[in-house]
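Same order as they appear, the protein sequences are chains A and B. Per the UniProt record's numbering, the very first residue in the first sequence carries number 1; after that it's consecutive. Per the UniProt record's numbering, the very first residue in the second sequence carries number 1; after that it's consecutive.
Calculated from the structure, these hints are not laboratory results. A quick note: this is a predicted structure, and the numbers were derived from the prediction, not measured. Virtual Cβ for every residue (Gly too), placed ideally from N, Cα, C. Take the hints with a grain of salt, since some may be wrong.
Said to hold, decoys possible - Just some of the chain A residues that point at chain B, by a computed CB distance under 8 angstroms:
1. 71
2. 142
3. 147
4. 163
5. 167
6. 183
7. 187
8. 190
9. 194
10. 292
Claimed, not checked - The list that follows gives simulated cross-link-like pairs (lysine-lysine, DSS-like), each with its CA atoms no further than 25 angstroms apart:
11. A/193 x A/85
12. B/55 x A/293
13. B/252 x A/193
14. B/43 x B/55
15. B/43 x B/252
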Amino acid sequence: MTTLSTPPPGSTNRTSDTAGKAPSTGRSRRGAQAPARVGRRRGNTGFVLACLLPALVLFTVFMVIPTVNVFRTSLYTWGGFSPDKQFVGLDNFRHLLDDQQFVRAFQNTVALLVVVTVVTMGMGLFLAAIMTRQRLRGRNLYRFVLYIPNVLSVVVIAAIFSAVYDQDNGLINGTLRLLSLDGLQQVWLGNQKIVLYSVAIAMVWQSLGYYMVLYMAGMASIPEELYEASALDGASGTRQFFAITLPLIWESLRTTLTFFVMSAVNLSFVLVRAMTGGGPDGSSDVLLNYMYKQAYTNSSYGYGMAIGVVIFAFSFLVSLLVSRATKREPLQF
Amino acid sequence: MTTINSSPRPRLGRALTYALVTAIALAIAVPVAWVLLASLKQKSEFFASPWTLPKGLHIQNYVAAFLDAHMGQYFLTSVLVTVLALVLVLAVSVPAAYVIARYEFRGRRVVEFALLAGLFVNVNYIVVPIFLMLVDWDRALIDVFPGGFFIDNPGVLSLVYAATSIPFTIYLLTAYFRSIPVEYEEAAALDGASRFRIMTQVMLPMARPAVTTVILFDFLAYWNDFIISLTLLPGDNKTLQVGLLNLFTAQKAAADYGRLYAGMVIVIVPVLLLYALIQRRLIEGMASGGVKG
Numbered sequence: 001m002t003t004l005s006t007p008p009p010g011s012t013n014r015t016s017d018t019a020g021k022a023p024s025t026g027r028s029r030r031g032a033q034a035p036a037r038v039g040r041r042r043g044n045t046g047f048v049l050a051c052l053l054p055a056l057v058l059f060t061v062f063m064v065i066p067t068v069n070v071f072r073t074s075l076y077t078w079g080g081f082s083p084d085k086q087f088v089g090l091d092n093f094r095h096l097l098d099d100q101q102f103v104r105a106f107q108n109t110v111a112l113l114v115v116v117t118v119v120t121m122g123m124g125l126f127l128a129a130i131m132t133r134q135r136l137r138g139r140n141l142y143r144f145v146l147y148i149p150n151v152l153s154v155v156v157i158a159a160i161f162s163a164v165y166d167q168d169n170g171l172i173n174g175t176l177r178l179l180s181l182d183g184l185q186q187v188w189l190g191n192q193k194i195v196l197y198s199v200a201i202a203m204v205w206q207s208l209g210y211y212m213v214l215y216m217a218g219m220a221s222i223p224e225e226l227y228e229a230s231a232l233d234g235a236s237g238t239r240q241f242f243a244i245t246l247p248l249i250w251e252s253l254r255t256t257l258t259f260f261v262m263s264a265v266n267l268s269f270v271l272v273r274a275m276t277g278g279g280p281d282g283s284s285d286v287l288l289n290y291m292y293k294q295a296y297t298n299s300s301y302g303y304g305m306a307i308g309v310v311i312f313a314f315s316f317l318v319s320l321l322v323s324r325a326t327k328r329e330p331l332q333f
Numbered sequence: 001m002t003t004i005n006s007s008p009r010p011r012l013g014r015a016l017t018y019a020l021v022t023a024i025a026l027a028i029a030v031p032v033a034w035v036l037l038a039s040l041k042q043k044s045e046f047f048a049s050p051w052t053l054p055k056g057l058h059i060q061n062y063v064a065a066f067l068d069a070h071m072g073q074y075f076l077t078s079v080l081v082t083v084l085a086l087v088l089v090l091a092v093s094v095p096a097a098y099v100i101a102r103y104e105f106r107g108r109r110v111v112e113f114a115l116l117a118g119l120f121v122n123v124n125y126i127v128v129p130i131f132l133m134l135v136d137w138d139r140a141l142i143d144v145f146p147g148g149f150f151i152d153n154p155g156v157l158s159l160v161y162a163a164t165s166i167p168f169t170i171y172l173l174t175a176y177f178r179s180i181p182v183e184y185e186e187a188a189a190l191d192g193a194s195r196f197r198i199m200t201q202v203m204l205p206m207a208r209p210a211v212t213t214v215i216l217f218d219f220l221a222y223w224n225d226f227i228i229s230l231t232l233l234p235g236d237n238k239t240l241q242v243g244l245l246n247l248f249t250a251q252k253a254a255a256d257y258g259r260l261y262a263g264m265v266i267v268i269v270p271v272l273l274l275y276a277l278i279q280r281r282l283i284e285g286m287a288s289g290g291v292k293g
């Protein structure tokens, strides 16, 4: 549920352990044994253990062990509940290649990833630039509204969009009928050709505000003089965007891009799970949803976990590739 | 800025900009507002134009959602689970984060690395293994708890929520603890405060901004989750989101829009109110710590 962070604005020239906002003295003494250094030296070990153990036990039991289990059981055929578990090596993975449903879910995931990433990032950047550079009146109100979807649950968003997309009485089709444009009406979630776009729109709707706010924070820390100087040289707003804004928030852009991949894989799952269930006929299925179906509903637990391993490897690889491909010399200001 | 460019072109551009941004804001606000309004409509009104205002306050939708669909009961479950999970995650994460930030001990790097790696493990990958593990535990304890203990237990759900947000919580708190100067602790130690007192009465109050941020993000994650609670609470005792999901599925079959919209409002309003109250804090927290729930 949690993905890592984007560095604070302008963090390109900061060390990683100063993310907070507290007074800035003493930062260099990281890890110093403050209390122990003055007097009372007797056993810190007990205190450290008492503080650390509860968290570590919970973390190990509910995160480490289940994660290890995902990888381990991907090598078995196992229903999940029955005791008979058979080691089959990489057989599950071999089956995946012949599984049309899996291939389709994979394609859908990749398509959603590409489309949603490009659109969300592009629009987010554009809006953030407009809001910071043009000093729009009512900026805070816009920001407030645009960020709303980020606090709503996915079930709510799915329900909102099924109300918007409703075949007979939905916001879109109802409006089209009102305008006598009945010909344009669509079965937004029931048409195999359209459903994936309908899901993509909901995903963009959900995450746009979040990324806009993030980029706005990054842009706010760019010194005003840079823009003033370039304006005197006659640079247009567009030029300023590409020559100043974009290069200077590049690092934060990179980080969000890397983590966007992971959160988009997850978002597509929860949204599809609530909105279409992967239908009609698997045309909006995504990887995690297919995994959940196999492992939980279909009781092909080992097979489901093999899918899980593929998703894990896939999103890790994509994140790595994106991070590599976008690497630039960090600029400072 | 405006003094430099005052030709008519930028002014037109500015109008276009306003139009565009307003259009996007409307695209977000209208569906939400529409649901809020439609929750007051009668059944017959749903088949008319979607743009009409409700004719009267049709409160029956809410009665149906609260009582018939048990949303009231689910609401209580959600509150309970969320509060308990927040208490749990703070109780274990604050001390751990403090120790990681301030004490030198063997294995600290390993612990830190493991927790950092944990940030990359999404709960959606491991929800089924967690479910099966709990089923296993129930089976092992069948003599003690014939009805099962771990599955269908809101307390256990809280524990799972807390556990799976530990990496994020500790990550954020550790970073903040490290930014607080050591002198405060030294002074407290000189005054003879115990290590425990230094942690709880000196450092914890100073870390309040970070704790607030963590509470906000964890709250949203717990309150809005449905995958974990759907899996771990298969019985009658559901959370609000799963209840809404059921209403949603029922609506597809019976076209009972009013009840669904009322249910959505019950879920949306508390979060929206909270958001309106703390939006500055939330957005600042996001920009400085930068996290996605």
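Each hint tested on the structure:
1. 71: 10 angstroms, violated
2. 142: 5 angstroms, holds
3. 147: 7 angstroms, holds
4. 163: Status holds, d = 6 angstroms.
5. 167: 11 angstroms, violated
6. 183: Status violated, d = 18 angstroms.
7. 187: 13 angstroms, violated
8. 190: 11 angstroms, violated
9. 194: 18 angstroms, violated
10. 292: 7 angstroms, holds
11. A/193 x A/85: Between residue 193 of chain A and residue 85 of chain A the Cα gap is close to 40 angstroms, so the pair fails against 25 angstroms, i.e. violated.
12. B/55 x A/293: Distance ~43 angstroms between residue 55 of chain B and residue 293 of chain A Cα, so the pair is violated.
13. B/252 x A/193: 21 angstroms, holds
14. B/43 x B/55: Within the cut-off at roughly 11 angstroms; holds.
15. B/43 x B/252: 15 angstroms, holds
Violation of the numbered hints given earlier is confined to hints 1, 5, 6, 7, 8, 9, 11, 12; the remaining hints are satisfied by the structure.
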